[in-house]
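So the sequences go chain by chain: A and B.
Last residue of the first sequence: number 116 in our numbering, and the count goes up by one each step with no gaps.
Last residue of the second sequence: number 113 in our numbering, and the count goes up by one each step with no gaps.
Worth flagging that the hints you see were computed from the coordinates, not collected in a lab.
Think of the CB as a built atom: it goes at the ideal place given N, C-alpha and C, for glycine as much as any other residue.
Check each hint, because a few of them may be wrong.
[Stated by the list, open to error] Label pairs and their computed distance ranges (CB to CB):
no.	chain 1	residue 1	chain 2	residue 2	range
1	A	Ser58	B	Ala53	26 to 34 Å
2	A	Gly72	B	Gln42	40 to 48 Å
3	B	Glu15	A	Asn63	48 to 56 Å
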Amino acid sequence: EAGVTQFPSHSVIEKGQTVTLRCDPISGHDNLYWYRRVMGKEIKFLLHFVKESKQDESGMPNNRFLAERTGGTYSTLKVQPAELEDSGVYFCASSLTGGAKGDTQYFGPGTRLTVL
Amino acid sequence: AQSVTQLGSHVSVSEGALVLLRCNYSSSVPPYLFWYVQYPNQGLQLLLKYTSAATLVKGINGFEAEFKKSETSFHLTKPSAHMSDAAEYFCAVSGTGRRALTFGSGTRLQVQP
Numbered sequence: 001e002a003g004v005t006q007f008p009s010h011s012v013i014e015k016g017q018t019v020t021l022r023c024d025p026i027s028g029h030d031n032l033y034w035y036r037r038v039m040g041k042e043i044k045f046l047l048h049f050v051k052e053s054k055q056d057e058s059g060m061p062n063n064r065f066l067a068e069r070t071g072g073t074y075s076t077l078k079v080q081p082a083e084l085e086d087s088g089v090y091f092c093a094s095s096l097t098g099g100a101k102g103d104t105q106y107f108g109p110g111t112r113l114t115v116l
Numbered sequence: 001a002q003s004v005t006q007l008g009s010h011v012s013v014s015e016g017a018l019v020l021l022r023c024n025y026s027s028s029v030p031p032y033l034f035w036y037v038q039y040p041n042q043g044l045q046l047l048l049k050y051t052s053a054a055t056l057v058k059g060i061n062g063f064e065a066e067f068k069k070s071e072t073s074f075h076l077t078k079p080s081a082h083m084s085d086a087a088e089y090f091c092a093v094s095g096t097g098r099r100a101l102t103f104g105s106g107t108r109l110q111v112q113p
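Extracted from the complex, chain B is given alone in its bound form (with noise of 0.2 Å):
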């Protein structure tokens, strides 16, 4: 069985500071690990994915997330927000066979200027 836990529900920064948004999974098989960003009225958007090659991922839009085992965690960031990321995040694992995605509940991400 596969779950994604999403800590916070809403995170709000300041324009031009870190953004970090936190993901833990659970997985009894090596995971496939994604982000995806849904913006106001628009579907789901593929920001980046884990797929067992480099553990520092990067994305588009300038954000980037790190695989840890250890830490069953993959923890989405992005050194300076900008307006435009204001949105919602949600971490997602799928396994070796299972293709279907678990995702977490979303974190909303609000950008303050």
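Chain A extracted, bound-state conformation (with noise of 0.2 Å):
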């Protein structure tokens, strides 16, 4: 079985352009989170997705910041313009749905997005 998949691995970007990033989840899962770490600090939640719904979106930073979740299958992190602080590693991670107690989460490998 596959495990969740992200792309690119890596993106280098100049200040005021855009940038998509993807996440494939396990294929099943109605859950799929994007979580974020900047350099020197903490993974930190973005986004949740059940199916193609947002669940919750507490932790999307600006309006720069657009996620997609097309037909409850892949997922698009989409930033524009984006700005030096975007920079760091967006992970994406996907989970059963129905696991009230503590549901595992899948993590991808990550997508290292810098932006000069």
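Put the two chains together into one complex, using the hints given.
This is the structure:
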């Protein structure tokens, strides 16, 4: 069974440009999460999808970030326009639904974003 | 609100020595607690989790953690370190309502030969 995959693995862009990150969750996982780790800081939650609906987007830093999950399968996270402070590693995770007792989130390898 | 504190951003042990990575949490609801490990150039991998069953939780690769409610702690231990244990370890908490994980700042474990 394939794990969570993310594309690209690395992205280097200039300030003001747009970048789109993609996440493919484990097949059959209704829950999809985005997290971010800025260098030297802890991993922070961005948002949570259940199928195609945004369940919790309390961690999204500002309106330059737009997440979508069309059809409840893969998800994209777009940053437009990118700022220097957006640099970091963006992780995607997925989990089965119905797991009220601390369902396990399976993480992808992350996308390292560098904004110059 | 939930929070996690990991004491020690870097821990160094000798091969064969006890590994002890500390994690304290704060949660207003009964917590679910997790330890994840990140090896170089890889994603986070679940080591073990506590979900209100047994307080001593055994995980993969010989790791275990004990949930102590009175101390609000969930420390990770391994009796004998191996070189392959060198990685960054993250403690995380979630609650009964919100599924998002709240992470500690991570502890990088170095194993000396």
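Quick rundown of the hints versus the structure:
Taking the beta carbon of each, Ser58 (chain A) and Ala53 (chain B) are about 29 Å apart, inside 26 to 34 Å as hinted. At roughly 27 Å, the beta carbons of Gly72 (chain A) and Gln42 (chain B) sit outside the given window of 40 to 48 Å. A hinted range of 48 to 56 Å for the beta carbons of Glu15 (chain B) and Asn63 (chain A) is consistent with their spacing of about 50 Å.
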